[in-house]
Amino acid sequence: MGGCHMEQNRQNTVSSPSIAKTLGQAVSLIGACILFLLMVWGQGKWPLGAFSINNLTNAEIMELVGTSQYSPPAAFLENNLWSTLGQTLHIPFVNPVSMMQSQLPNLPFPISDSGAQGQTSLFAYLPAWQSQTHKIALGWIPYESPAQTIQLISANPGITVISPSWLTLTNQYGDVQSQVEQPVIDYAHNRHIQVWAMVNNQFNGTLTHSLLTSVTAKNNFIQQVAQIASHAHLNGINVDFENLQTQDRTLFSQFIGELHAVLKPLGVQVSVDVTPDIAFLQNDAAYFHAGLAANADYVIVMAYDEHWAADPQPGPVADVPWVTQSVNDLLNTGVPAGKLILGVPFYARFWHVYPDGSVSSQAVASYAVTSILTAHHAKSTWLPTLGVAYARYPRTNGYEEVWYETSNTEQQKLAMVNEDGLAGVAIWSLSLSNTHTWQTLMQAMSQSVL
2 MGGCHMEQNR QNTVSSPSIA KTLGQAVSLI GACILFLLMV WGQGKWPLGA
52 FSINNLTNAE IMELVGTSQY SPPAAFLENN LWSTLGQTLH IPFVNPVSMM
102 QSQLPNLPFP ISDSGAQGQT SLFAYLPAWQ SQTHKIALGW IPYESPAQTI
152 QLISANPGIT VISPSWLTLT NQYGDVQSQV EQPVIDYAHN RHIQVWAMVN
202 NQFNGTLTHS LLTSVTAKNN FIQQVAQIAS HAHLNGINVD FENLQTQDRT
252 LFSQFIGELH AVLKPLGVQV SVDVTPDIAF LQNDAAYFHA GLAANADYVI
302 VMAYDEHWAA DPQPGPVADV PWVTQSVNDL LNTGVPAGKL ILGVPFYARF
352 WHVYPDGSVS SQAVASYAVT SILTAHHAKS TWLPTLGVAY ARYPRTNGYE
402 EVWYETSNTE QQKLAMVNED GLAGVAIWSL SLSNTHTWQT LMQAMSQSVL
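Numbering-wise (the working numbering), the sequence shown opens with residue 2 and increments by one.
Because the hints were derived from the structure by calculation, they are not lab data. Small disclaimer: the values here were computed from a predicted structure and weren't measured. Any given hint might turn out to be false.
As the list claims (entries may be wrong) - Between beta-carbon pairs, the in silico distance windows are: (1) HIS234 - GLN178: 14 to 22 Å; (2) HIS234 - ALA376: 31 to 39 Å; (3) GLU243 - ALA376: 31 to 39 Å; (4) TRP309 - THR386: 18 to 26 Å; (5) THR217 - ASP312: 39 to 47 Å; (6) THR251 - ASN398: 42 to 50 Å; (7) PHE204 - ALA369: 24 to 32 Å; (8) GLN173 - THR247: 14 to 22 Å; (9) GLY268 - ALA311: 35 to 43 Å; (10) VAL181 - LEU332: 48 to 56 Å.
Just so it is clear, CB atoms sit at the ideal spot from N, CA and C, and this is done for glycine as well.
Please put together the full structure from these sequences, using the hints given.
If you want it as structure tokens, here you go:
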């Protein structure tokens, strides 16, 4: 994507350049264009190689001294030959990090260090936010008993959609295991809350490939899901098929379209979960997501695990620049804002850094962060460039550190939802919330519409 485009500058006084100067500019331009074509033809291997070296260097520094000044690795791309060439020739999308960060919303409230002094809830006044914006507020719920699920709904007022993990693709023939709980559906409907049952593929790409390549298996799956949805009076199906094989992307988009065609006449909406699409000079995933958006009612971007459980480099779960880039990358490549729902995590990761530089991590519910830091007498620092708080404390065998979200973090994300016209937010997950966490998130949502 891209080409050599020159912007013509108009000046009040135009002078005739010398022949030598003109030839020099022409040679420079031709050379720049050749370099650009080589970069595209070579699939960007030079900057990606340097990108990897930069990551390794940062990791080595982290292992030696540790740091709270984490910056997204892609920041390297802001100051290299490729970036300079793109800025000179005005080639679009060569510096996506700066482009995305420049689109952070202008917030109507200050971001202060006070946000780092304690973990605050994510949705403190969700009803006010939802009533003013009329956006979706979805809460995923891992499988629980009916009583436990109802308790989670009751403890989190303001939710407009619940998505319990009730359906599972069980085999290559397209059979679906159902754990639908009718008392939960009745309870939700009586409170004007929609129910979008989640169907998962057991994180099994091979199993999914077998489904997608068999017409019989696909039809069996779709008919079973439709029968379950109709019988239980579900409002929607949330498709959470993860670890898909790259070769199956087109088949999966077609599959979502076929599922939607059957469920739409039943009044059942289809949403599909996707991971962020951030890859330098690689747009295949972007077009895949746009195709899904065309075939589904909603696309939910799981904007978390920026640093995952086995990541060798500690860092935030979902800092604001990374989430902003994730959202804008999808919007800029064909996913309509009105179909995009932003996934928000209700957890942080505590990273243990050992003396030899190795690391391990543990996911902790957001509401538990403050008590852990208090127990270790750890002082938090607000990191304005990332929009998260950071804390570090010594342990017998190394030290532990955590990047975590505060109400300030959530206000920035929700302002993005409002200003970009996204369809709403989805929370992973309600089982990780408590009353304090939920109330503060509600407060953030209320402030985001001021």
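Each hint tested on the structure:
1. HIS234 - GLN178: 14 to 22 Å: 20 Å, holds
2. HIS234 - ALA376: 31 to 39 Å: 46 Å, violated
3. GLU243 - ALA376: 31 to 39 Å: 35 Å, holds
4. TRP309 - THR386: 18 to 26 Å: Since the Cβ atoms of TRP309 and THR386 sit about 22 Å apart, the hinted range of 18 to 26 Å holds.
5. THR217 - ASP312: 39 to 47 Å: 40 Å, holds
6. THR251 - ASN398: 42 to 50 Å: Given range 42 to 50 Å: holds, Cβ gap about 49 Å.
7. PHE204 - ALA369: 24 to 32 Å: 26 Å, holds
8. GLN173 - THR247: 14 to 22 Å: At roughly 20 Å between Cβ atoms, THR247 and GLN173 fall inside 14 to 22 Å, so the hint holds.
9. GLY268 - ALA311: 35 to 43 Å: Once the Cβ atoms are compared, 42 Å apart, the range 35 to 43 Å for ALA311 and GLY268 holds.
10. VAL181 - LEU332: 48 to 56 Å: At 34 Å between Cβs, range violated.
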